[in-house]
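Keeping their order, the protein sequence lines are chains X and Y. Per my numbering, the very first residue in the first sequence carries number 1; after that it's consecutive. Per my numbering, the very first residue in the second sequence carries number 1; after that it's consecutive.
Calculated from the structure, these hints are not laboratory results. There could be a bad hint or two in this list.
As the list claims (entries may be wrong) - To give an idea of the chain X side of the interface with chain Y (calculated C-beta under 7 Å), a few residues:
hint, residue
1, M1
2, L82
3, A86
4, V90
5, L98
6, S101
7, T102
8, V116
9, I149
To be verified - Pairs of lysine-lysine residues, derived as DSSO-like cross-links and limited to a Cα-Cα distance of at most 27 Å, are as follows:
hint, chain 1, residue 1, chain 2, residue 2
10, X, K75, Y, K384
11, Y, K489, X, K75
12, Y, K244, Y, K99
13, Y, K99, Y, K227
14, Y, K227, Y, K384
15, Y, K284, Y, K235
16, Y, K284, Y, K346
17, Y, K99, X, K75
18, Y, K99, Y, K284
19, Y, K99, Y, K384
20, X, K75, Y, K227
21, Y, K235, Y, K99
Unchecked claim - So, partial list: chain Y residues that the calculated Cβ filter (under 10 Å) puts toward chain X:
hint, residue
22, Q219
23, T397
24, L421
25, A491
Bear in mind that the values here come from a model prediction, so they are computed numbers and not experimental data. Beta carbons are placed, not taken as given, at the ideal position from N, Cα and C, and that holds for glycine.
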Amino acid sequence: MAYRDVAAGIGLMIVAFIYWRFASAIPLSPLDDTIGAGGLPTTLAILLGILAASLVLRGGWQIATSRAVPIDPEKDRRRVGLPGRAATMVLIGAGYLLLVSTLGYVITVAALIMTVALFLGIGWSWRVPAVAAGGAAVLWLIFVFILGIPQPPGLWEGLL
Amino acid sequence: MDALGITWQALTTTPAVFAAIGGVVLGIIGGALPGISASITMALLLPFTIGMDPTSGIVLLASTYVGAEYGGSIPAILIRTPGTSAAAAAAIDGYEMQKQGRGGEALGLSLVAGVYGGLVGIIVLVLLAEPLSRVALLFTPPAYFALGVLGLSVIATLSEGSAVKGFCAAIIGLMIATIGADPMSGAMRFTFDRPELMSGIPPILVMVGVFAISELLVQAGQPAWAKAGGDTRIKLPSFGTMWKCRRALGIGSFFGVFEGCMPGAGTSIASFMSYNEARRWSDKPEEFGHGSIEGIVAPEASNNTVTATALVPTISFGIPGSNSTAILLGGLLMHGLTPGPLLFTKAPDVIYGLFGGLFVANFAQLPLGFLVLTPCIWLVNRPKPYLMAFVLALVFTGAYSIDNTIFDLWIVLAAGILGYLLRFCGFPFLPLVLGLLLGYMVESNYRRSLLISSGDHMIFLQDATAAGLLGAAVLLVFISMWRNMRQAKRARQEQESSSAAD
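Kindly generate the complete structure, drawing on both the sequences and the hints.
What follows is the structure in structure tokens.
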């Protein structure tokens, strides 16, 4: 975990720095009190920077003195799965968000169910598109038809 | 007598009873699906509560928590895959009983012990919550600020992982809470001229992302779970059997009360402590691990006791003890109900409606446990890829329902990535969620206090309640640092002695 601590610490230091830069740019307001709108954000950025630096130092010290406890790959997989597959899931999700406003809810959500099911290991058969279409129809029925909550209509807006 | 009247009115003038029954059903189903824990089920339901009246919305979430704790034991007993982390203790003896052809008996014991624990928990909740409401008069803006700081310190230091990581997560939560209009001057912060960000990032979106999406990302890299089979008909235990387990029931509910009232402890610790102590005090300790009925009763009573007692710090002080109660806290905030001592005087109908709803939920659990079991087993036996795909679709659909904007879905996805990264690097979730929920309270009361004192920070020491709470927070941080250093020293000594032995 020491290597991950160092990486996380460096990442958080960068976040703290960027956040601090934007906090410094918060405009002063005539309604401001003694602290101002940028007061708490600046304090948070400094605190995060200090804590992140301590993570880096602690992890670095553990690595340098060979006290870093090695990660058990099997335990790690049970805890966090596989990062590559997680990244692919994120891409599938992002694809859904990019397409849903154009293609509309029903088609895109059916495509999402089908893509995720295939990616997670279901074998291809006629059942896959059938389950995806059924799932999309169930969700549309619950949200749009029964609860009256609209979902993105996409290009079909004029037709519905 | 007033409280009983308010409870009756809340239950009869709102659909809270239906919300309680629906919550238990959905909770059992959600808890029974490995990977979809109580908190994820609650996060999925959170968007639906926006359109409900506050009492029904909060009762729905709390009842889901109740149902999920029993639901989690179904796959734990049948396929040795706990649906919730707290059900892992019940899997030890429950699965042994299943292998011996006594799975139905184990499910019955789990159900009855859960109902017993839940009822004990509600009694404690009602008894403790009322006196705590009298503390309301002591709270001034400095005290509210100090309460927020203490809450964040408690959760950051007691959550899994190191305290430094806990505090980092809390600060990230506070940082997200600063996005949008400044609570005092109205100046825009971190909005980048995006109109969607001007009112801030709704905590509900971050919670759905951090809990549900990150779990789906983890599940994407994990193998499918086993299929449930064998004896799956519930057999309720006789009164004589439960009488034999009275000591285990007592131990379970004791730890449920104790751990539930302690912020940051949660159901998992309570159930494992109950299991260990039940074995220590049992007349037949040798049966533990080989299908002991006490080994199921103690952790299951403890889990369900926590579902009620964890609400004590949540609704009294705004400090949730677990991920599930953090979502409940988010539900309260969403309905404009500020958690804390004043909640009892400002919204007694919601609070007493919640108590009544929990009673209904626990009693309803007995018949619903029978009715929902078959659909649960059917769902558990469905291919995991379909279930995960459907849950992802449900997350996006539910999140879109909040404000009908795709921008919200990007926030959910980003929060999911953040949640995954936090898990990957061993950071706890709860401090982040709490920082997000308490951010407004901490900042606005801090600045309000300084306005009162014309910028003098001594106000936090002059106010006795604030000084006491801040003192407790500092003490907690020092104790945590000392504990961490001692643990590191012990681990180093163990490593050195093992390498010397090699």
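Status of each hint after checking the structure:
1. For X/M1, the interface hint holds, since its Cβ comes within 7 Å of a Cβ in chain Y; the closest pair sits about 6 Å apart.
2. The beta carbon of X/L82 comes within 3 Å of a beta carbon in chain Y, closer than 7 Å, and the hint placing it at the interface holds.
3. Taking 7 Å as the C-beta contact cut-off toward chain Y, the hint placing X/A86 at the interface holds, the least distance being around 4 Å.
4. The closest approach between the C-beta of X/V90 and any C-beta of chain Y is roughly 6 Å, which is under the 7 Å cut-off, so the hint is satisfied.
5. Here the hint on X/L98 is broken, as its CB sits about 9 Å from the closest CB of chain Y, past 7 Å.
6. Proximity of X/S101 to chain Y holds as hinted, the smallest CB-CB distance being about 6 Å (cut-off 7 Å).
7. Taking 7 Å as the C-beta cut-off, the interface hint given for X/T102 is violated, the closest approach to chain Y being about 11 Å.
8. Given the 7 Å rule on beta carbons, the hint for X/V116 holds: about 4 Å separates it from the nearest Cβ of chain Y.
9. Of the supplied interface hints, the one on X/I149 holds, with its beta-carbon coming within about 4 Å of a beta-carbon of chain Y, less than 7 Å.
10. Distance hint between X/K75 and Y/K384 is fulfilled; the C-alpha atoms sit about 21 Å from each other, no more than 27 Å.
11. As the CA atoms of Y/K489 and X/K75 are separated by approximately 24 Å, the hinted pair is consistent with the 27 Å bound.
12. Under the criterion of a C-alpha separation no larger than 27 Å, the hint pairing Y/K244 with Y/K99 is consistent with the structure, at around 23 Å.
13. With a C-alpha separation of about 14 Å, the suggested pair Y/K99 and Y/K227 falls inside the 27 Å cut-off, and the hint holds.
14. Distance check on the hinted pair: Y/K227 and Y/K384 sit about 10 Å apart at the alpha-carbon level, within 27 Å; holds.
15. A C-alpha spacing of about 22 Å is found between Y/K284 and Y/K235, which places the hinted pair at or below 27 Å, so the restraint holds.
16. For the hint linking Y/K284 to Y/K346, the alpha-carbon distance of about 51 Å lies beyond 27 Å, and the restraint is violated.
17. The suggested pairing of Y/K99 with X/K75 holds, with an alpha-carbon distance near 26 Å, which does not exceed 27 Å.
18. Annotation: proposed proximity of Y/K99 to Y/K284 holds, straight-line Cα distance about 20 Å (limit 27 Å).
19. Between Y/K99 and Y/K384 the CA atoms are separated by roughly 23 Å; this keeps the pair inside 27 Å, and the hint holds.
20. At most 27 Å may separate the alpha-carbon atoms for a hinted pair to count; X/K75 and Y/K227 meet this at roughly 22 Å.
21. Distance hint between Y/K235 and Y/K99 is fulfilled; the C-alpha atoms sit about 16 Å from each other, no more than 27 Å.
22. Interface restraint check: Y/Q219 against chain X, minimum CB-CB distance 7 Å, threshold 10 Å, status holds.
23. A distance limit of 10 Å between C-beta atoms decides the matter here; for Y/T397 the minimum to chain X is near 5 Å, and the interface restraint holds.
24. At a threshold of 10 Å, the smallest CB-CB gap from Y/L421 to chain X is about 8 Å, leaving the interface hint in force.
25. Hint status for Y/A491: holds, given a least beta-carbon distance of 8 Å to chain X, under 10 Å.
The structure shown violates the earlier hints numbered 5, 7, 16.
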